[in-house]
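Undergrad: Residues per chain, in single letters:
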Amino acid sequence: MRERRFELSGIPIIKKVLRSRWLQWSLMAATLPFFVLSILAGLFGTPAGNRNFGIVFVWIVWWALLILLLVPFAGRLWCAVCPIPAPGEWLQRRALVQPRPGGRLYTLGKKWPKRLRGIWLQNGAFLLVALLSAVILTRPIVSALVLLAFVLLAIAVSLVYERRAFCRYLCPVGGFIGLYAQLAPIELRVKDAAVCAGHREKTCYTGSDAGYGCPWLLFPASLEKNTYCGLCTECLKTCPLDNVALYARPFGADLHENKGRRLDEAFKGFIMLVCALVYSVVLIGPWSLLKETAYAIGSAGWWLYALAFLTVNLALAPGLFYLCAAVSKRLSGTAQPARRLFVEHAYAVAPLGLAAWAAFSLSFVLANASYAWQVLSDPFGWGWNLLGTAGWSWTPYLSGWLPYLQMPILLLGLAAAVGVILRTGRDQGLPRRSGAPFIFFCTAVTLALLWLYV
Amino acid sequence: MLLPLPATAQPQQQTISIQARSFGYEPGTVRVRRGDTVTIHLESEDAVHGLFVDGYEVKLQAEQGRAAQATFVADRAGRFTMRCSVSCGALHPFMIGKLEVDPGVSFGRAALATLAALAGSLVYFTRRSGEGLLR
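As given, the protein sequences belong to chains A and B, one line each in that order. Here the first sequence stands for residues 88 to 541, where the numbers follow this note's numbering. Here the second sequence stands for residues 23 to 157, where the numbers follow this note's numbering.
Incorrect hints may appear among the rest.
Taking beta-carbon pairs under 8 Å as the criterion, some of the chain B residues facing chain A (in silico) [unchecked claim]:
#1 45
#2 76
#3 139
None of these hints come from the bench; they were simulated from the model. Ideal Cβ placement from N, Cα and C applies to all residues, glycine included.
The following block holds chain A by itself, in its conformation from the complex:
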């Protein structure tokens, strides 16, 4: 798989852009005003979500770009330009563009507690946001407060802990972007690990006058997957040996090798898949009682909904998959424990989950994207008409085509999941029949989603 890569940074103009310190800052500076406006509109604008910039541009426009374009095709690129950690990072660096000498950071620099490493906290954070999403996605002030909380938390964490600890260990969005980045067709890797071994200073990790040590607390020479690399390109700048490169590669390359598969990442896959299913039922299904229950936070019905939501996410779905692992163990006669089979094969739900999210997102994005024109002219819903588009009527896009878009996406996700399952089995030295239970699981989920959509 290593051979099937193309070095994008080998193209001189691309290398020049990637090595420029202005690149990341300028992209962040471009996203920051939208972010600030989203918060301000949420706090002070109309409570009508579809007339509020904060709701429309975060949960429709940004989400669509993220799930449909950025994550599948560029992995964690959003993390490189995300405005949430920007203020904290700039405070930490006491600089906007050019680094301080030696890449020095002004922070207490505490190490993140070892017990809290991994993505369990991010899993929990995402579940919490997902559980409250009926309100977060529809009430501007709530959405704004959530975003503001993220920024303040990121600032606080930046001043206490080293580097981008918020992004690495807390951000609920980063958790799933990292998992799905394993599918993306780009990667940042060292060209030759032997060169890194011979380089004593390891400025890619420690920092230098040219830039900062990896904000994601990664050592590029040992980088094997996209999961935790935020594509900030600091290592490209700080490597004096030109030994770091951005590559184009086949889709799903990280899933071709089942090294370093972890339980927390496996659970992230299930959480994302189940949430896509739940959202498809609750938010875009025809059952208004479910929507009202999900919205009525704190009510008795909501507590039941929350219990069911968490049970399905953390117990039922993983439990069913574990059952598949137990059956697989029996079918294959392997001595591997079922838990190991569970973790190794769980990564198959990553492409299926991304497909499910893409299909779900198309449902509400195409129907509601036209609100973006209105809020561009009237971000606060105060009756402005800055660009002359405030009066544009609501228009669902491609309304009759939705199932024809969703079905191929879901089937592609299923096909990719099957590929991961078969490859995992082969790499584990298991007979092909050992994949049957997992394939059955993925097929059943796909059919359930298709039943909801077509």
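Chain A is fixed; fit chain B onto it per the hints.
TA: The following block gives chain B in isolation, referenced to the frame of chain A:
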């Protein structure tokens, strides 16, 4: 379920009364047969609500005390989303119902497509690995 339904029943005139209230429709799912002439009679129990049917481009709007009506021929099979077309509150984007026109046909085809995708991917990935499918 996996075969197209035989065209045995004659198309019918159907009048369906839908009550709209924040944030759902009652009934939430409307089922008709392909070829039926469907008249939707929309009434609102509270705010101004709209109803737009994906794929049929049917659009109507009702307010409390003033119903609306639209008629169309359900000539396309499948499950179509009915959604509120008038901003009516927080959950407006998710105020959704379903129009099912011979839904078994479209899901049957989707199920067939799923099995085909499954078979195709099994063959493809097996051939790539150079090993037999049944092992």
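Undergrad: All hints are to be evaluated individually against the structure, with a verdict given for each.
TA: Results of checking the hints against the structure:
1. 45: Check passed: Cβ of residue 45 of chain B comes within 6 Å of chain A, closer than 8 Å.
2. 76: holds, 4 Å
3. 139: Residue 139 of chain B check passes; min Cβ-Cβ to chain A is 4 Å, inside 8 Å.
In this structure, none of the earlier numbered hints is contradicted; all agree with it.
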